[in-house]
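S.K.: Chain residues, written in single-letter form:
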Amino acid sequence: ILNVEQSPQSLHVQEGDSTNFTCSFPSSNFYALHWYRWETAKSPEALFVMTLNGDEKKKGRISATLNTKEGYSYLYIKGSQPEDSATYLCAFPTLGNMLTFGGGTRLMVKP
Amino acid sequence: EAGVTQFPSHSVIEKGQTVTLRCDPISGHDNLYWYRRVMGKEIKFLLHFVKESKQDESGMPNNRFLAERTGGTYSTLKVQPAELEDSGVYFCASSRAGTGGNTEAFFGQGTRLTVV
Chain A
1 ILNVEQSPQS
11 LHVQEGDSTN
21 FTCSFPSSNF
31 YALHWYRWET
41 AKSPEALFVM
51 TLNGDEKKKG
61 RISATLNTKE
71 GYSYLYIKGS
81 QPEDSATYLC
91 AFPTLGNMLT
101 FGGGTRLMVK
111 P
Chain B
112 EAGVTQFPSH
122 SVIEKGQTVT
132 LRCDPISGHD
142 NLYWYRRVMG
152 KEIKFLLHFV
162 KESKQDESGM
172 PNNRFLAERT
182 GGTYSTLKVQ
192 PAELEDSGVY
202 FCASSRAGTG
212 GNTEAFFGQG
222 TRLTVV
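Line by line, the protein sequences give chains A and B.
Under this note's numbering, think of the first position of the first sequence as 1, with each following residue one higher.
Under this note's numbering, think of the first position of the second sequence as 112, with each following residue one higher.
Next comes chain B alone, as it looks inside the complex:
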């Protein structure tokens, strides 16, 4: 089966611009997560979808970040307007069941976002 795919793999934008990241989860995986790794720090949770519903968005840093998962398939994460501190690697992961137990998450290769 195809893995989790993310697009683009790299993005360089200027401060104040808008960027939209896309994630295509593994087919049949209802659970979709966004995580972010800022340089030198841990990978941190952003939010969790179950199908098209936001289950938990407690990790979203502020209202410049907007995630959607229309139709419960692919998801987008929009940053508008981008700030320098938004630079990092944005990972998407999917799982058939929630990862609160012993279910592994399948990760995409990440989108490396650089805001200049």
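One chain only, chain A, in its complex shape:
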């Protein structure tokens, strides 16, 4: 059974604050690590698919890093805006092609 853990479960920040959250995953049999952004009643949207140890990817104010040796990834949001409010999910794919998801971090950005 794979364990993909995300912390914190929820986070309230003020507009303009920078924030980060963690995804931990098994360091053995690593293929990739996916980050998704999900607003309720909308489709989860892929942010990043990360494959290489030490990878850092960026999309606008959001960036992510990857450490496959110790089994963690960080997602950073710089200067949070109310529209960043969403649940951020990480997922660990297996060779069987299924994604194992963490519980998500629910981010609420107050104006």
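No wet-lab data here; the hints were simulated from the structure.
Small disclaimer: the values here were computed from a predicted structure and weren't measured.
Warning: the hint list may mix true and false statements.
Stated by the list, open to error - Simulated pairs of lysine-lysine, DSS-like, Cα-Cα distance not exceeding 30 Å:
#1 A:Lys42 <-> A:Lys58
#2 B:Lys162 <-> A:Lys110
#3 B:Lys152 <-> A:Lys78
#4 A:Lys69 <-> B:Lys162
#5 A:Lys59 <-> B:Lys152
#6 A:Lys69 <-> B:Lys152
#7 B:Lys152 <-> A:Lys57
#8 B:Lys162 <-> A:Lys42
#9 B:Lys155 <-> A:Lys57
#10 A:Lys69 <-> A:Lys57
Guided by the hints, dock chain B onto chain A, whose structure is given.
M.R.: Chain B in isolation, oriented as in the chain A frame:
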């Protein structure tokens, strides 16, 4: 290109009734997945189709759930008879290649199923 579409977006049914959920993947995507998120818990894998074949159905909870993908295009997930614990959000996702590597999955908006 059109995204993954799911129908209905919401369904409220009584315990013991039957419900059929539909997923239309992105055209050309051979891989189609069903996932489910029960309230307060993680999104969990249900099954994986490659074209019309079931590649992996290890996540299907029990034999009240039946998934089909006739012709390798759209897929249906039928729950019969529905139980209270089946309530949750059912997601469909598709991808051109399998997501076991670095291929991202494209998700539908989900069907929120409530069994009362």
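S.K.: If a hint holds in the structure, say so; if it does not, say that too.
M.R.: Results of checking the hints against the structure:
no.	hint	result
1	A:Lys42 <-> A:Lys58	holds (22 Å)
2	B:Lys162 <-> A:Lys110	violated (44 Å)
3	B:Lys152 <-> A:Lys78	holds (28 Å)
4	A:Lys69 <-> B:Lys162	violated (35 Å)
5	A:Lys59 <-> B:Lys152	holds (28 Å)
6	A:Lys69 <-> B:Lys152	holds (27 Å)
7	B:Lys152 <-> A:Lys57	holds (28 Å)
8	B:Lys162 <-> A:Lys42	holds (25 Å)
9	B:Lys155 <-> A:Lys57	holds (26 Å)
10	A:Lys69 <-> A:Lys57	holds (18 Å)
Against the hints set out earlier in the document, violations occur for numbers 2, 4.
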